[in-house]
Amino acid sequence: MKHEGLFTPYRIAEARIENRITRTLIFDAPMEGIQPGQYVMAWLPGCGEKPFSISGDEPLAITVADVGSFSHALTQLEQGDPVWIRGPFGVGFSLSGERHLLVGGGYGAAPLSLLARCAMEKGHTVAVALGAKTESDLMLVSIFRKMGCQVYLATEDGSVGVKGLVTGVLEKAFVEINPETLYACGPNPMLMRLARITREENLPVQLSFEALIRCGVGLCGSCELPEAVCLKLGIRPGFLICHDGPVVRV
Amino acid sequence: MANLEVDFLGMHLKNPFVLASGILGTSPSLMERCALEGAGGITSKSCGAEPRVGHANPVAIAWEGGVINAIGLTNPGAGEEVDLLRKTKKRLAAMHVPLFASIFAPTVTQFGEVARIIAEAEPDLIEVNISCPNVGSEFGTPFSASASSAAEVTREVRRSVGLPISIKLAPNVPNIVEIARAVAEEGADAITAVNTMPAMLIDAFAAAPVLKNRTGGLSGPALKPVALRCVAEIASRVKLPIIGTGGISSGVDAAEMIMAGATLVGVGSAVWRDGPAAFGRIGRDLSGFMDQERYNRIKAMRGKAIQ
Ligand SMILES: Cc1cc2nc3c(=O)[nH]c(=O)nc-3n(C[C@H](O)[C@H](O)[C@H](O)COP(=O)(O)OP(=O)(O)OC[C@H]3O[C@@H](n4cnc5c(N)ncnc54)[C@H](O)[C@@H]3O)c2cc1C
Ligand SMILES: Cc1cc2nc3c(=O)[nH]c(=O)nc-3n(C[C@H](O)[C@H](O)[C@H](O)COP(=O)(O)O)c2cc1C
Ligand code: FES
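Quick mapping for you: the protein sequence lines, in order, are chains Y and D. Start counting the first sequence at 8; every next residue gets the next number (the numbering used here). Start counting the second sequence at 135; every next residue gets the next number (the numbering used here).
No wet-lab data here; the hints were simulated from the structure. Note that the structure is a prediction, hence the values are computed from the model and not measured. Take the hints with a grain of salt, since some may be wrong.
Claimed, not checked - Reference excerpt, derived from the structure (chain Y facing chain D, CB under 7 angstroms, subset only):
| hint | residue |
| --- | --- |
| 1 | 54 |
| 2 | 56 |
| 3 | 125 |
| 4 | 225 |
Virtual Cβ for every residue (Gly too), placed ideally from N, Cα, C.
Hey, can you work out the whole structure from these sequences and the hints?
Here is the structure:
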């Protein structure tokens, strides 16, 4: 029976382990009409409600890192358990050009895997640069490789790939791929570094930001990207992550 | 093209549309954005004496009838708010858009204190929110519930500041005219009608209320007929300008509100669908309606439906 309510209960078909703290919850039904980079609001009655990027649409999937009380509750769920979902929300990535460089930090790799799939289906060239603290924190590496993406890795301890931050592998990717657009999802400091680097390279960039999402419908103002950040990025102040984003086009 | 300009308490607004309190009124940049998108006036988010984080998620849900919210009066506290309002006022003044500063408090005395602090930012008006439905568990029955408590708050704020004041009323009272009359007698300059209607949404599959706060305030299209009734009743019996608020999301909605007797028109939930661009759209819509129906000025429509 199609649920006519506000949230749609999706049941977990599989909880795939991605790394030490991260699981991908693959649900039992698709979500139609989504754009990579958009997010859903996931509600567990009595526990809370938070935004998660969509990491798969057929069926719907979200990839959750266990960092606090709500994400912990989500990662403890098992096959058959329901999660109440509303969405998709926000403005996601849009492919521009035919050679793409995707840069992910942490669970940022998850929404990028959906974007990579869309680009590969069009026969485009896709390179993916992933960064993490150590090898066991990296995720989805084999999935990107299986899709046929060129993969660049960086770890802070040098356990695999280049030692250091993910920005350290970009130079090589720029030369080898000559990307027309860079797309990134990960911690805000990484995004700000990417904004600077791409400005120097004169490369169009789409960055997926995070903020405290409360209403999720562009009314409460809680998710505003700080004015100082907007000015640094060269976008108009008053940017709402939940409604105008989460993806910022610079 | 119809002329949308309006005079209100000695202010001149380029159109009657005012951003309602609690919608994007949290920072200078967001309020500036709404003004740039065409709002004729801006109301800031309600502010109290101390900082508040507000309620836990879910705090707002959009459904087919509109929005239900229990944000819980999130605000940075009056001290910080003054700086924020000063910055906002400067930016809005450059666009000739007045700033209305909304305040709330748990006691009559504190209403006076918050008003005095906020007055330092020199907003063009102080809107006194005595009608938030979402903090009952902490604050008790809203002051908007009776004529005597509404009058007490009005008297205290009137004593405390020289700026124009508008009292924001609740729709869920047996006799809103009696309350409007009482605040008018205590020296209110205007009335904002209405705040949200207390309501509840339940998810049958979860067998639970959707909002973490269990109940919230209903706004948007479902509230419009209630708001029109409140404004029409007040406008027929009380001689104060009204900021008519509730469910306005098109030019025709706005015309209805003005015909019910409103001088200005608050717009809140309509921002949900197209963001702050809603102001431009509703303004063009109203202007089109007026051209078609041959009203050259807003004043020509005011109160038409209650004559
Ligand atoms: C648009 C958007 C998309 C998002 N997509 C995803 C997603 O795909 N997967 C996902 O796991 N989360 C995602 N998030 C973050 C998610 O919504 C929650 O904020 C996160 O799960 C933490 O919630 P919590 O209640 O578990 O932890 P909280 O109790 O809120 O936080 C616990 C602690 O963890 C820290 N913390 C919060 N977030 C992070 C983080 N991202 N990394 C490391 N530490 C953190 C906090 O500072 C705090 O100290 C997204 C957020 C936004 C705004
Ligand atoms: C998310 C949200 C937050 C609100 N916060 C406040 C507030 O802080 N103070 C206040 O006086 N009214 C608040 N309101 C009520 C609105 O100002 C307005 O009176 C009501 O929503 C009806 O108008 P609308 O249908 O155009 O939204 C809030 C409404 C919403 C939807
Ligand atoms: S979360 Fe409320 S405006 Fe974005």
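### Query
Out of the numbered hints, which ones does the structure contradict?
Of the numbered hints given earlier, those the structure breaks are 1 and 3, listed in rising order.
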